[in-house]
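Can you build the whole structure from these sequences, using the hints too?
What follows is each chain in one-letter form.
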Amino acid sequence: MPQKRTFNIVGISVPKVDGVSLATGSAQFTDDFELRSMLHARMLRSPHAHARIRKIDTSEAARLPGVHGILTYKNVPRVAHTTAGQGHPEPSPYDTFLFDRKVRYVGDAVAAVAADTLQIANQALQLIQVDYEILDPVFDPHQALQKDAPIIHDEPDAYAPLPVIYEPQRNLAAHVDMEIGDVEAGFHQADVLLDNQYSTHYGAHAALETHIVITYLDEQNRLVIRTSTQVPFHVRRIVARVLQQPVSRIRVVKPRIGGAFGGKQEIILEAISGALTLLTRRPVKLQLTREEEFMCTRTRHPQHIRLKSGVKKDGSLTALDLSILMNAGAYGPHALTVVCNSGSKTLPLYRCPNVRFEGNTAYTNLPIGGAYRGYGATQAFFAMGVQMDEMAHAIGMDPPTFHKRNHIRAGEGSPVFQALGEGKKGVEMKLNTCGLDACIDQGARAISWHTKRRRRDKGVRRRGVGMVCLMQGSAIPEIDMAAATITMNDDGSFILLAGATDLGTGSDTVLAQIAAEILSVTTDQIVVHSSDTDFTPFDVGAYASSTTYLSGNAVKHAAEQVRQQILRVASEMLNTEPSMLMLRKGTVMHQKTTTRRVSLADVAHYSLYQKNQFHISATASQHTHISPPPFAAHFAEVEVDTETGEIRVLEYVAAVDCGTAINPALAEGQTEGAIVNGISFALIEEFHFDARGRMLNPNFNYYSIFSARDVPPIKAILVPTHEPTGPFGAKSIAEISINGPLPAISNAVYHAVGIRLRHAPFTPQHVLDALRNQGRQKKL
Amino acid sequence: MQQILPKLTEYFRPRSVATAITLLSKGKGRRVPLAGGTSLALSTSRKITGLLDLSDLKLRYIKESQRSIRIGATAVMKDLCKHAAVDRVAGGVLQQAAHAVGATPTRNLVTVGGNIVQLFFWSSLPVALLALDATIRIQGKSGRRSISAAAFFRSHPKRHLAFHELVTEVVVPKTSSSCGGAFIKFARTHTGYAMLNVACVLERRGRACHNVRLVIGAATALPFRLRKVEDLLENAPLTPSLLEQAKSMTAQIVKPVADMRADPEYRKEVAGVLVKRAIQEAWARAAQTQAVSGGRKRRPTASRKRKSSGGTA
Amino acid sequence: MKITTAINGQKKVLSVEPNDVLLDVLRREGYKGVKEGCRKGTCGACVILLNGKAVNSCLILAVRAAGQQITTIEGLGTPDAPHPLQRTFVDAGAIQCGYCTPGAMLSAKALLDEIPHPSEAQVREALDGNLCRCTGYVKQVQAVLAASRILKR
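Protein chains in written order, with this note's numbering: chain A, 5 to 784; chain B, 621 to 933; chain C, 373 to 525.
Just so you know, the hints here were simulated from the structure itself, not pulled from any lab data. Take the hints with a grain of salt, since some may be wrong.
With a straight-line Cα cutoff of 30 Å, these simulated DSSO-like cross-link-like pairs (lysine-lysine) come out [stated by the list, open to error]:
1. B:Lys627 with C:Lys374
2. C:Lys374 with B:Lys646
3. A:Lys782 with B:Lys888
4. C:Lys412 with B:Lys778
5. C:Lys374 with B:Lys702
6. C:Lys524 with B:Lys678
7. B:Lys678 with C:Lys374
8. B:Lys888 with A:Lys462
9. C:Lys384 with B:Lys678
10. C:Lys374 with B:Lys667
11. B:Lys678 with C:Lys383
12. A:Lys719 with C:Lys524
13. B:Lys648 with C:Lys524
14. B:Lys678 with C:Lys425
15. B:Lys683 with C:Lys425
From the structure, some residues in chain B lie toward chain A, with a derived Cβ separation under 7 Å [as the list claims (entries may be wrong)]:
16. Gln623
17. Gly670
18. Val890
For glycine and all other residues, C-beta sits at the position ideal for the given N, C-alpha and C.
Shown next as structure tokens:
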């Protein structure tokens with residue numbers, strides 16, 4: 005057992021450093037920034053799911069007074085790229101052009117107009133004449149892979165920058181496979197074999213702030229991009245390439261972000277707005293409407309999943325065979341890595357000697373999939389979580405016992421870690437920590453599992469409880485990197501320049517706590533800036549549950565270096581050795597005679613104005629060879645209305661091992677938010693399309709999400725472990741809990757009424773149909 | 621994204637109904653009344669050139685008389701939700717319907733007049749008003765008229781109201797303590813658009829129901845009474861088998877229009893279930909009112925926060 | 373047209389078009405705490421108080437604000453003198469991205485003005501028009517209840 009560590013500020017729920025400014029409405033989001041003579045941009049979008057532009061005539065729109073610039077495929081550089089904000093070279097196919105002659109889904113970009121007002125821009129859109137040659141669309145990923153299917157990316161210049169399987173000529177956006185052991189032999193050893201199909205649906209991030217960007221030229225004629233993004237440095241790199249500008253001519257500034265959840269790990273608007281600014285030499289604002297946000301940004305990739313599994317009567321797993329067909333939509337950002345993650349974040353959770361995985365991603369003429377909190381694990385854990393429950397049931401074992409018997413433990417590795425990476429092989433990893441047993445025990449206790457599990461309801465409304473175990477990762481090993489700079493001010497306070505991107509998650513606060521812990525000050529002595537590509541050091545951005553683990557370590561190392569410098573200066577001032585000094589509450593003191601002391605302000609003043617002057621400051625970088633998984637056990641209690649098919653979640657408990665929670669309130673908040681998003685996705689969120697591929701419900705009226713009134717009591721339990729490679733023992737927490745609701749609710753419904761829900765969402769109609777089928781089968 | 625009301629040039633805030641009607645008359649249909657404004661603020665109509673803000677017409681009231689409750693056209697949903705007299709009508713059916721409208725900020729805006737004149741298929745208030753046999757008061761250039769809710773909702777109100785006419789008031793008859801009622805909204809979320817609305821008002825005498833009024837909304841463009849089911853229930857002892865009959869009869873009668881969220885077949889079936897439940901609830905409330913003399917009844921949520929102000933009528 | 377309103381207790385003369393929406397006018401006037409999220413009255417990011425009642429400013433024509441009292445988040449409190457709700461939202465960890473926060477807090481303010489000591493169910497109902505995708509509402513509800521206890525004292 006790791007010894008109990010005591011910290012001054014780590015592990016304490018200090019208020020968010022940006023809390024007061026957000027609470028008083030003074031925090032600046034992208035749109036809260038005004039520039040003189042700013043133009044307003046709007047985009048013309050395709051009404052067709054699949055068409056070629058025969059002719060496009062913008063002359064009438066250009067003549068409209070107040071219109072200053074129009075972009076179409078004719079006047080922008082043709083650069084194949086991906087909108088996925090990933091490391092370079094990206095594992096996603098280069099299948100996107102700023103504007104193209106072809107449109108591939110309803111809502112695809114056709115043109116952009118910048119005008120004096122939004123009204124004029126809207127009018128101008130109506131004056132653009134487009135002659136479309138309508139092509140046959142394909143909406144089903146199975147059909148898309150058939151021989152005679154229409155080819156969505158028939159352009160010759162689409163390619164994959166990494167050596168991965170990419171066959172656009174048959175609509176295959178990505179493929180991955182691996183096998184460990186001998187799966188067929190494993191199935192032969194099994195006492196029980198299960199083979200089931202599952203499917204998951206489209207989902208919207210539904211951040212309250214839609215995608216928005218403001219671009220302008222600064223006094224050096226450089227392009228400044230103020231944007232609501234998770235990945236400022238990737239924005240700079242990709243926009244530079246797409247607009248054929250040197251990186252040095254571009255600056256990306258991230259203001260406060262109004263929610264992202266993966267949706268803003270995507271370079272959707274920045275290059276278009278930037279091109280309009282370069283064309284007009286004027287500031288330009290481009291903001292999506294809620295309708296565009298639903299239809300034209302990114303979604304959770306729908307998946308068709310087949311899971312075959314073998315288990316012995318003693319509860320040991322003999323083989324797992326997971327195969328997934330994923331719908332990319334019209335373009336392939338994250339087409340490979342999301343499906344890889346479906347395998348790499350689920351299969352290692354259970355010890356199993358024989359494992360096979362295959363993932364295929366197909367293009368269709370529907371909205372585009374992308375990064376979304378959970379990133380493929382959400383979809384695959386639905387199948388995995390339900391099937392584990394079914395296996396436990398098949399051999400007559402209580403699910404908590406079954407999970408405990410099979411889950412990976414500290415000290416163990418999994419060959420899956422090595423076999424599956426992100427666009428390349430993974431890395432070998434042995435777990436330092438796994439608090440899953442404690443998660444299972446504490447969660448089961450909190451929901452009164454054993455009492456509720458014995459109950460069998462008979463009436464119209466029946467209750468049941470279900471559970472699931474989960475894991476995720478902490479950053480992408482051998483790919484992600486983060487850096488941070490800390491400088492000391494002359495009053496002894498500090499500036500923390502973090503490339504890491506706070507999207508509202510509270511990472512600025514967590515990073516400030518890490519710095520404050522090392523520097524022995526309070527968080528109000530740390531001024532945090534995140535992120536500005538001109539001023540903050542490099543960081544890949546906020547994704548893959550990386551910020552606390554990776555950027556946190558970068559901050560910790562920078563703070564340690566600054567601490568050393570402080571001690572060195574203080575030793576000069578106090579005429580002693582640095583090793584004899586310690587930092588306590590803003591003071592450097594001698595370890596033995598604590599009256600020999602100087603304040604941090606004295607140290608700063610000395611170093612800047614008095615002797616041997618230098619600026620106390622340090623920059624540190626961090627990368628990682630491993631991705632320590634957080635673990636969780638989720639429990640749901642539901643009530644099923646057997647007459648209407650409605651499912652009501654009565655209580656939800658999530659016990660999560662995220663290592664050390666640097667800020668417990670923020671860690672709980674991540675968990676609670678992810679759970680509500682997950683329950684809402686499982687029960688009520690759904691994209692509806694018409695026969696021509698147009699989304700019918702791009703609004704909160706018909707794409708409902710849960711409000712405060714719809715939410716059941718939720719309990720987040722943090723189960724501490726100490727991850728030696730993380731800052732102060734921390735692992736990640738942001739994504740893992742969104743993976744729980746689909747399987748936990750499905751398993752609870754099974755306990756309540758005996759039906760297995762394998763197709764999401766669990767709408768009342770779907771549930772009632774399943775109840776009917778069950779009734780029919782019983783009669784037969 | 622279209623500009624809202626692009627041809628709008630005039631805005632009036634008349635101080636009397638008479639002035640309002642004169643202004644409407646002169647508008648020849650291009651001036652429209654503005655009440656809560658929740659629909660108009662989203663309208664891209666190029667026909668509308670003028671708005672008549674009804675805020676200063678003093679129509680935001682709820683008045684109780686011996687036999688009825690008069691609700692001014694610009695009373696908002698929130699007003700209905702917290703009014704004791706409204707709470708007492710037929711087991712709170714009107715209040716439940718008002719409570720089912722949107723979310724708190726919309727319930728602060730949506731007016732009684734606006735809700736019934738706009739009549740979206742998911743609207744809840746019309747369903748309750750039909751079940752309560754309310755009367756709608758209308759004023760126009762040729763004077764005043766009153767029509768029954770049944771007549772008002774027989775076709776879409778925008779089709780039968782003249783352009784110079786204003787709904788000024790809704791009159792809801794008070795109910796006796798033996799009268800119970802229930803409103804059920806079936807939706808994905810508490811605040812979401814209804815996929816079905818059901819209202820039931822009935823009187824309980826001994827073991828049987830009388831004067832049953834059952835209304836179904838959000839199944840079709842207009843809410844309608846389930847007369848055959850009402851007849852089935854009239855003066856019959858309320859047994860489980862009768863409820864089952866009411867349920868299956870409803871499912872046979874209701875022919876829902878398409879809704880992307882669920883198939884018509886499914887909604888038919890659920891309509892039957894909701895009707896059964898609405899009858900049960902209404903019955904239970906009527907019983908409670910009768911059983912506990914002095915009129916202290918307990919119902920979940922809405923009613924509990926307020927003090928009851930005196931006896932029932 | 374010119375209209376006179378009181379915004380956060382200060383008299384304001386605004387010049388508006390008849391089809392201007394209050395949300396846009398308030399933002400134009402510098403009340404950036406009023407957020408745009410859907411323009412359809414469904415998300416609550418633009419909620420303000422109109423004569424003390426929480427309403428969606430995207431559903432209100434600006435001309436209707438003539439002679440009315442408007443409160444935006446800027447009128448609730450300042451960084452130096454925050455309203456108890458602003459303090460409890462920060463302390464409870466009820467703010468993540470903060471985009472829905474001004475609207476949610478104003479809805480909570482209207483509730484506490486009407487019902488100083490609400491039940492949890494009443495808090496949840498008062499917040500039902502303010503969608504939040506970050507917090508799961510747990511800590512928002514706690515924050516409102518905590519503010520009601522502070523205001524009680």
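Check: Taking 7 Å as the limit, does the beta-carbon of Val890 of chain B come near enough to a beta-carbon in chain A?
Finding: holds, 5 Å
Next item on the list: Take the C-alpha atoms of Lys888 of chain B and Lys462 of chain A, compute the straight-line distance between them, and say whether it is at most 30 Å.
Entry: holds, 25 Å
Next item on the list: Take the C-alpha atoms of Lys374 of chain C and Lys646 of chain B, compute the straight-line distance between them, and say whether it is at most 30 Å.
Entry: holds, 24 Å
Checklist line | 30 Å limit on alpha-carbon distance, applied to hinted pair Lys374 of chain C and Lys702 of chain B | finding: violated, 35 Å
Next item on the list: Below or equal to 30 Å on CA atoms is what counts here, so check Lys648 of chain B against Lys524 of chain C.
Entry: Cα-Cα ~55 Å, so violated.
Checklist line | Restraint check for Lys678 of chain B with Lys383 of chain C, where alpha carbons must lie at most 30 Å apart | finding: holds, 25 Å
Checklist line | chain A contact restraint on Gln623 of chain B - CB to CB distance below 7 Å | finding: holds, 5 Å
Checklist line | Satisfaction of hint between Lys678 of chain B and Lys524 of chain C, Cα-Cα up to 30 Å | finding: Measuring from Cα to Cα gives roughly 35 Å; hence the hint is violated.
Margin query: Run the distance test for Lys627 of chain B versus Lys374 of chain C: straight-line Cα separation, threshold 30 Å.
Written below: holds, 19 Å
Next item on the list: Mind checking the alpha carbons of Lys683 of chain B and Lys425 of chain C for me, to see if they're no more than 30 Å apart?
Entry: holds, 22 Å
Note to self: Would the hint linking Lys412 of chain C and Lys778 of chain B be met if the CA-CA limit is 30 Å?
What the structure shows: Cα-Cα ~22 Å, so holds.
Check: Should the interface hint for Gly670 of chain B be scored as holding, given a Cβ-Cβ cut-off of 7 Å against chain A?
Finding: violated, 20 Å
Of the hints listed earlier, those the structure fails to meet are numbers 5, 6, 13, 17, in rising order.
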